[in-house]
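Colleague: Sequence:
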Amino acid sequence: MTTTSQGANGLTVMVVDDSNTIRRSAEIFLTQAGYQVVLAEDGFDALAKINDHHPALVFCDILMPRLDGYQTCALIKKSARFHATPVVMLSSKDGLFDRARGAMVGSSAYLTKPFSKDTLLAAVREHTAPKA
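For the sequence shown, the residue numbers in the UniProt record's numbering are 1 to 132.
Be a bit skeptical, because a hint or two may be false.
Ranges of calculated distance between the beta carbons of each label pair, as one might list FRET restraints [what the hints assert, rightly or not]: (1) LYS93 - GLU126: 20 to 26 Å; (2) GLN71 - GLN32: 26 to 32 Å; (3) GLY10 - GLU126: 17 to 23 Å; (4) ARG24 - GLN71: 22 to 28 Å; (5) ARG125 - THR21: 20 to 26 Å.
DSBU-like, lysine-lysine: derived pairs with alpha carbons at most 30 Å apart [said to hold, decoys possible]: (6) LYS117 - LYS77; (7) LYS49 - LYS113; (8) LYS77 - LYS113; (9) LYS117 - LYS93; (10) LYS78 - LYS93; (11) LYS78 - LYS113; (12) LYS77 - LYS93; (13) LYS49 - LYS77; (14) LYS49 - LYS93; (15) LYS49 - LYS117; (16) LYS78 - LYS49; (17) LYS113 - LYS93.
Think of the hints as simulated: they come from the structure by calculation, not from any bench.
All C-beta atoms, glycine included, are put in the ideal place defined by N, C-alpha and C.
Please build the complete structure, drawing on both the sequences and the hints.
Modeller: Structure below.
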């Protein structure tokens, strides 16, 4: 059995983004840090996979076809099973309106794309740390 760095303990993180580049970058950063990664191309894909994988954290792009990030976050938060799962919104815009709207649907935080490995991993640690 291999031990993972940074105390990841095999936590599962879901990345929902319609950009293959963003999904791959996040997957590489998270896998290197010892996390299990589940990728989803859009909100419907994420909702189909969340029950099977029970992620400890969801990164969710805002601008996606079919079901956008706000709708996806709201649906996750309405679920009795996943309402406590932190959702971090991803957006290429760093706008106050987007942050406010994300908070209104229950997101825990907001990351601007492109993100660095450090900001991505810091967000995971911050939102999956055991509450004191």
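Colleague: Next, verify each hint and record whether it holds.
Modeller: Do the hints match the structure? See the list:
no. : hint                       : result
1   : LYS93 - GLU126: 20 to 26 Å : 22 Å, holds
2   : GLN71 - GLN32: 26 to 32 Å  : 31 Å, holds
3   : GLY10 - GLU126: 17 to 23 Å : 18 Å, holds
4   : ARG24 - GLN71: 22 to 28 Å  : 24 Å, holds
5   : ARG125 - THR21: 20 to 26 Å : 24 Å, holds
6   : LYS117 - LYS77             : 26 Å, holds
7   : LYS49 - LYS113             : 23 Å, holds
8   : LYS77 - LYS113             : 23 Å, holds
9   : LYS117 - LYS93             : 19 Å, holds
10  : LYS78 - LYS93              : 26 Å, holds
11  : LYS78 - LYS113             : 26 Å, holds
12  : LYS77 - LYS93              : 23 Å, holds
13  : LYS49 - LYS77              : 15 Å, holds
14  : LYS49 - LYS93              : 27 Å, holds
15  : LYS49 - LYS117             : 24 Å, holds
16  : LYS78 - LYS49              : 16 Å, holds
17  : LYS113 - LYS93             : 8 Å, holds
Of the hints listed earlier, there is not a single one the structure fails to meet.
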